[in-house]
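Undergrad: Work the whole structure out from these sequences, hints included.
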Amino acid sequence: MKISFTGTHGIGKTTLAVWLAKVLKIPYVPEFAREFLEKGYQIDTPLAFTSFETEILEKKIDLESNILEDSDSLVSDRSYLDYAVYLKHGLSRFPYDQIKNLQFESVPITRYFNEYESLCRERNRIYDLIFFLTPFTEYISAEFDYREKNPFATNIIQDLLINEYKEEIRHEKVILIKEKDLLERKKMIIHLLKERGFLSWSQLYVDEEL
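Position one of the sequence shown corresponds to residue 1 (the UniProt record's numbering), numbered consecutively onward.
Hints were generated in silico from the structure; no laboratory data involved. Careful, some of the hints might be misleading.
Said to hold, decoys possible - Listed next, the in silico BS3-like pairs over lysine-lysine satisfying Cα-Cα at most 30 Å (straight line):
no.: 1; residue 1: Lys39; residue 2: Lys180
no.: 2; residue 1: Lys22; residue 2: Lys2
no.: 3; residue 1: Lys22; residue 2: Lys173
no.: 4; residue 1: Lys2; residue 2: Lys59
no.: 5; residue 1: Lys173; residue 2: Lys194
Said to hold, decoys possible - Computed beta-carbon distance windows for the label pairs:
no.: 6; residue 1: Tyr96; residue 2: Thr54; range: 15 to 23 Å
no.: 7; residue 1: Leu68; residue 2: Tyr96; range: 32 to 40 Å
no.: 8; residue 1: Tyr96; residue 2: Lys187; range: 43 to 51 Å
no.: 9; residue 1: Phe36; residue 2: Phe94; range: 13 to 21 Å
no.: 10; residue 1: Phe94; residue 2: Lys59; range: 23 to 31 Å
no.: 11; residue 1: Leu102; residue 2: Asn155; range: 37 to 45 Å
no.: 12; residue 1: Val107; residue 2: Val18; range: 30 to 38 Å
no.: 13; residue 1: Glu195; residue 2: Glu105; range: 38 to 46 Å
no.: 14; residue 1: Phe36; residue 2: Asn155; range: 21 to 29 Å
Since this is a predicted model, take the numbers as computed values, not measurements. For glycine and all other residues, C-beta sits at the position ideal for the given N, C-alpha and C.
TA: Written as structure tokens, this is what we have:
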């Protein structure tokens, strides 16, 4: 059982991913952006930002690959397509004239993005289920994050992700979680996992909130 959480920043993905990994007693794969930036990683130019997104993607691939050598289950904080969306949005903040002639790893940066996106789409197939969180409050997480915290930027990322996943959402391969508080979201996630045959109640760690 390989599960991922997606959705814009600051809406509780990490909280739910950590909780679900504990409930299911399976490995948790964190999101690495905070870790890298807390170490002083610079992202203020197109090449620096592309390098940043490349390194956190590579770390995610390495960790998930290592986990899956010994286990068939994991819970991941962010899907692979999230990384492609953030790179696309991040590069769009720079004027086209500033990036059109740039090269990254010896290829034009626009071509590199296409290859990066293709890799993310391919890797995303490993997940059995993706939970797509919708914003349930005007509050945006105050935790350290390299992503913009204003509602406009938050909505841009959410809209980009919705567009990427619209077919999977329509066919219920990606599940929208719309509940309005954390406890209700937890209950819905457990209900969906049981309903889809991913687990029985006997497999569950009894969460005191449930």
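Undergrad: Looking back at the numbered hints, which does the structure fail to meet, lowest number first?
TA: 1, 11
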